[in-house]
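> Single-letter residue listing:
Number of protein chains: 4
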Amino acid sequence: MVNQVSIAVIGVGRIGRLHAENLAHRIPGADLVAVSDVNPEALANCAADLGVTAVADHRAIMEMADVHAVAICSSTDTHAQIIAQAAAAGKHVFCEKPIALDLGEIDRALAAVAQARVKLQLGFNRRFDPNFRRLRDLVAEGKVGQPHQLRITSRDPDPPPLDYLKRSGGIFLDMTIHDFDLARYLIGDEVQEVFAAAAVMLDPSIAEAGDVDTATVFLRFRTGATGVIENSRRAIYGYDQRVEVFGSAGLLAVPNIAPDSVMLSAADGIHAPLPHPFFLERYAESYLAEMKEFVSSLLTDSPPPVTGRDGRIALLMGLAARKSHQENRPVKLAEIAPI
Amino acid sequence: MVNQVSIAVIGVGRIGRLHAENLAHRIPGADLVAVSDVNPEALANCAADLGVTAVADHRAIMEMADVHAVAICSSTDTHAQIIAQAAAAGKHVFCEKPIALDLGEIDRALAAVAQARVKLQLGFNRRFDPNFRRLRDLVAEGKVGQPHQLRITSRDPDPPPLDYLKRSGGIFLDMTIHDFDLARYLIGDEVQEVFAAAAVMLDPSIAEAGDVDTATVFLRFRTGATGVIENSRRAIYGYDQRVEVFGSAGLLAVPNIAPDSVMLSAADGIHAPLPHPFFLERYAESYLAEMKEFVSSLLTDSPPPVTGRDGRIALLMGLAARKSHQENRPVKLAEIAPI
Amino acid sequence: MVNQVSIAVIGVGRIGRLHAENLAHRIPGADLVAVSDVNPEALANCAADLGVTAVADHRAIMEMADVHAVAICSSTDTHAQIIAQAAAAGKHVFCEKPIALDLGEIDRALAAVAQARVKLQLGFNRRFDPNFRRLRDLVAEGKVGQPHQLRITSRDPDPPPLDYLKRSGGIFLDMTIHDFDLARYLIGDEVQEVFAAAAVMLDPSIAEAGDVDTATVFLRFRTGATGVIENSRRAIYGYDQRVEVFGSAGLLAVPNIAPDSVMLSAADGIHAPLPHPFFLERYAESYLAEMKEFVSSLLTDSPPPVTGRDGRIALLMGLAARKSHQENRPVKLAEIAPI
Amino acid sequence: MVNQVSIAVIGVGRIGRLHAENLAHRIPGADLVAVSDVNPEALANCAADLGVTAVADHRAIMEMADVHAVAICSSTDTHAQIIAQAAAAGKHVFCEKPIALDLGEIDRALAAVAQARVKLQLGFNRRFDPNFRRLRDLVAEGKVGQPHQLRITSRDPDPPPLDYLKRSGGIFLDMTIHDFDLARYLIGDEVQEVFAAAAVMLDPSIAEAGDVDTATVFLRFRTGATGVIENSRRAIYGYDQRVEVFGSAGLLAVPNIAPDSVMLSAADGIHAPLPHPFFLERYAESYLAEMKEFVSSLLTDSPPPVTGRDGRIALLMGLAARKSHQENRPVKLAEIAPI
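Protein chains in written order, with this note's numbering: chain C, 1 to 339; chain Z, 1001 to 1339; chain B, 2001 to 2339; chain H, 3001 to 3339.
Hints in this document: simulated from the structure, not taken from any laboratory.
Wrong hints could be hidden among the right ones.
Claimed, not checked - Straight-line alpha carbon distances no greater than 25 Å define the calculated DSS-like cross-link-like pairs of lysine-lysine that follow:
1) 332/C with 1323/Z
2) 3143/H with 3323/H
3) 2166/B with 2323/B
4) 2097/B with 2323/B
5) 3166/H with 3323/H
6) 323/C with 166/C
7) 2097/B with 2332/B
8) 323/C with 1323/Z
9) 1097/Z with 1323/Z
10) 3097/H with 3323/H
11) 97/C with 323/C
12) 2292/B with 1292/Z
13) 97/C with 166/C
14) 1166/Z with 1323/Z
15) 1332/Z with 1097/Z
16) 2166/B with 2097/B
17) 3097/H with 3166/H
18) 1292/Z with 1097/Z
19) 2097/B with 2292/B
20) 1097/Z with 1143/Z
21) 97/C with 292/C
22) 323/C with 1332/Z
23) 292/C with 3292/H
24) 3097/H with 3292/H
25) 2332/B with 3323/H
26) 3332/H with 2332/B
27) 2323/B with 3292/H
28) 3332/H with 2323/B
29) 332/C with 1332/Z
30) 332/C with 97/C
Please take these sequences and the hints and turn them into a complete structure.
The following block contains the structure:
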């Protein structure tokens, strides 16, 4: 077992910057050695703040012999290619979701990883939230008996910019994909069929961008359990992230998490604080935990906790949901591709 | 405006007995004058306890000139016929849901009521629960803006006896029908399409009885809002009756209601009381309130708050859900019958 | 065992009217036969609404042979005398708290009751609240082990009129007296010492009336357990009625109770409903339950659940608290009188 | 403004080790350069883990020219002396509470600090808890109007070892002292009188050690507001840390904080997670925040957020409470010493 892994972060926008800071300061056993970004200013700032090498072209990182692993946080359309480059260079990979919006691309990237025998961990950070993880553990321990019904409520505080939406692959591949992965993780079973009903309820310009902003997705698991995902691009009260698993022996629930717990009783009612505003705050702990586990899987040469296959299946679910919405009928995953 | 209405209760099983007691003791303006039941013992006990006339054959009630109205709480298969008898006798009618399991029967009963110009109120008691009513009022006031997503969680504590199940019309007509009515009531809009996914998860003998025990029903309203109903015949923690309405301006929620609010913090956790065990306890107030409003509509000659049409539409939704489950596809209500 | 008890209500102001209505309509085995009040209009209205005899001078009730019991709900200064009159007439007595503001008067009233061997139940209605009763039962079952610390938070929504305050005996005898009784009831032990700190924080005219509006009272029980009562005459958010019992094995708590449970999540926070506005709403169930138990104790000839001695001890605690506040020192109940 | 402060930690037991780790890894602008401890093993481990110099005798640190500040986390009886040594060496001081158990010692230490014009911050970490801080801010903004009643519930999960208790100064100086400081902080006013009632309820050996384990302390502020502190050395359900401030315009409350929020509804009740087990978990954020603010006050040459005077007043309150308990009477702080 090695004592230290050297990592470079490719893409230091919002989420890449967060990973870089965690790797630099908060993860024992990790050594952040370089960062890369297509935006020269973001790159220079990040490198200076963290005292690491700035690399303008990420391909140069592949040549750096002392880099053991890369964290890919660049735009989605570059993920598959950079994974392949890293694998060819023998570097382990942490990659933000999704790998790609196209199954063929994903399969080629996973093949490159498999051939190079490097590790690949997908950035499904919600699995590392202490609440969801505990709920999953309690489900696995049988605390609700046989799971019958899952519910994931997942609403963003605000739609992303239209520019982003146009390149996002649509709500099912961009937003619901996190919920698809969480559903598999919490229930410990594969989904075989989905039914998605979606509409534009918030803003007609979202329709013009070819997307929807409100969706309800029904899931049927192999065991017969069912699930419902409730999505909206705008919850005016903040980032709405809740889960329930109902089973033969009970119900487990994770409510929203707020930054503080101060209650005010006043003449006009009892007032509790709003949930965290968005994912950086809500999932701060889980972003740290997922990277710690990635580093740990490298240090101990053990399998990463979220695999490329997990990324592929979540995308498959997204493609099935998109088809279901387009055709207004339940769609089996097997119609899209074998799991 | 009259000061007092004389009412007879037909069928004094569990729910009929409750209505009879409420009419006898707790509703100013109501005078319980007679009760009827096919079970002689239940009839004798109820009549003695409440000090009213026992009528073995309910048809004799139709001859009693001093009876202004009847409350029909007999078995479902008798509802339509007794409604018609009462209407012919010029008596107003309160009728437990459903009117019938067959649309034709319902239409004939409603026609009889219309022709006789008597009032008919359906027993969708949940509309009278103070929590659901307040949520509905807040939705109507625009507190959540435009409603986008509705969720009704509705789980019984235990499946009914198989004998009952066989005659019940199935989960959608027997159990979900309450949720269908609640959905229309809370959102103030009609559903145009449903998708139902259901299975037997609890007990194979329910499958043998031709029914399912676990169901998720998706609703699409005319406005584009969607809804999800989660049903199970067995929630081990009690009667699970919750509602959420999500809209452009916020979220309204009704949690489960418990008989008391005592919290225990002990070495093994923080413990709160279970919800009410079942409907008689959970909806005690709403049963009283619906009958008060029925009496009030008679005293003031105003329209009853839940109409025969409401009963017909809820059944229509149930028939569409059953078809959707059988054919595993979304079904429009218009496929079944015009609303 | 008799089947029915005939009761007259003396004093049909706010609380007397409530008891009269409960006795008339909601308590099997009770027969309300007469009401009395010094206010002719209140008397006439009540008698007409409930269809019972109106008696202008309550002493006439003592002559009515068919009256088994009286419920005394007149002004506090008349309680002791009417108790003695009723006892002399052989009638059982339900009496609103307090019996009197003077120990000697109380002792004379209790002696009259004892001599006549009639039953006397005091109106400490909070003992009959389902939440407090359940908490008490759980304490008695040992769910918190040995009780160590009690807390009663008891705040009114608004001060009473100054006229009332001047005749009330002061906050400790008028308001805290309920909490003193509740403390003994919940812990099942006697208090031996109190320390009271009080001030006028709300309104200088309350000081001019010789009273205070904000008080904290410390209690020391015989077992060594301690308690704190928090009182205020004005909680702007409603009637604040909460209890906690902490012991060697855990903590039991009763939160505030609200008229509904609808939660609103909006842009400016999560909002829950305010507690019940005041005692008639908060303790509606307990007023009914205490009278049911009074009637039951008459029907079954069993001891009433709250005795004259309970009323006397609560007053003793109030007198000790008043002295403690005046002298700013802990005061033992034994300084006032033997328990 | 300097960019970096070099700090040594004296005493690396439980809390000192935590501060050392925070200084080493998590506080930008801080440079941990040395640690010291009387226990050679703890010292060696800490120094090795954090890669800093181990100093057996803390006095050697005073000679290190590149050390700008020390964090004193050694046993209480050494605090005052080390403060004086550090001040004499011109080093700024962060010191865990209390400075000393004797007012004279405190006054001498504060005089040394004043003379050397170094900064001194006391380790009242609860002021930095995000919940308490937000409550304080809302009180200061007038959200509850004029504060009338404060309640602090503060219960440990288990008594400390008897050895510790014997040297601790007793519950009021060791445990309640945190609550005394929090009371002043939350209300923004000084306490002028206390009344303390305490007893041994848990374990007779605590009495043999000359201490008590259960205490209720009443506080009277200058404005007339009052407060109650509830202490116990053993809450079987975990670390019980709650606060309420009641005022003319409302009520603010901080509930207990749990490590996760997963709710389980099962056949035997609804179960929520226990609070954090003890202070290291409950106040992890506040320990970090207080040290960040200490570092910031050094970097910006601004006054520290908790001063030596704060430490002195909290001790004064503890001495008054001890006297009150011994003499069973309210004690004014002025009886002990001028504030």
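> Hint by hint, say whether it matches the structure.
Quick rundown of the hints versus the structure:
no., hint, in the structure
1, 332/C with 1323/Z, "20 Å, holds"
2, 3143/H with 3323/H, "35 Å, violated"
3, 2166/B with 2323/B, "18 Å, holds"
4, 2097/B with 2323/B, "21 Å, holds"
5, 3166/H with 3323/H, "18 Å, holds"
6, 323/C with 166/C, "18 Å, holds"
7, 2097/B with 2332/B, "23 Å, holds"
8, 323/C with 1323/Z, "22 Å, holds"
9, 1097/Z with 1323/Z, "21 Å, holds"
10, 3097/H with 3323/H, "21 Å, holds"
11, 97/C with 323/C, "21 Å, holds"
12, 2292/B with 1292/Z, "24 Å, holds"
13, 97/C with 166/C, "17 Å, holds"
14, 1166/Z with 1323/Z, "18 Å, holds"
15, 1332/Z with 1097/Z, "23 Å, holds"
16, 2166/B with 2097/B, "17 Å, holds"
17, 3097/H with 3166/H, "17 Å, holds"
18, 1292/Z with 1097/Z, "17 Å, holds"
19, 2097/B with 2292/B, "17 Å, holds"
20, 1097/Z with 1143/Z, "31 Å, violated"
21, 97/C with 292/C, "17 Å, holds"
22, 323/C with 1332/Z, "20 Å, holds"
23, 292/C with 3292/H, "24 Å, holds"
24, 3097/H with 3292/H, "17 Å, holds"
25, 2332/B with 3323/H, "20 Å, holds"
26, 3332/H with 2332/B, "22 Å, holds"
27, 2323/B with 3292/H, "50 Å, violated"
28, 3332/H with 2323/B, "20 Å, holds"
29, 332/C with 1332/Z, "22 Å, holds"
30, 332/C with 97/C, "23 Å, holds"
The structure fails to meet hints 2, 20, 27 from the earlier list, while all remaining hints are met.
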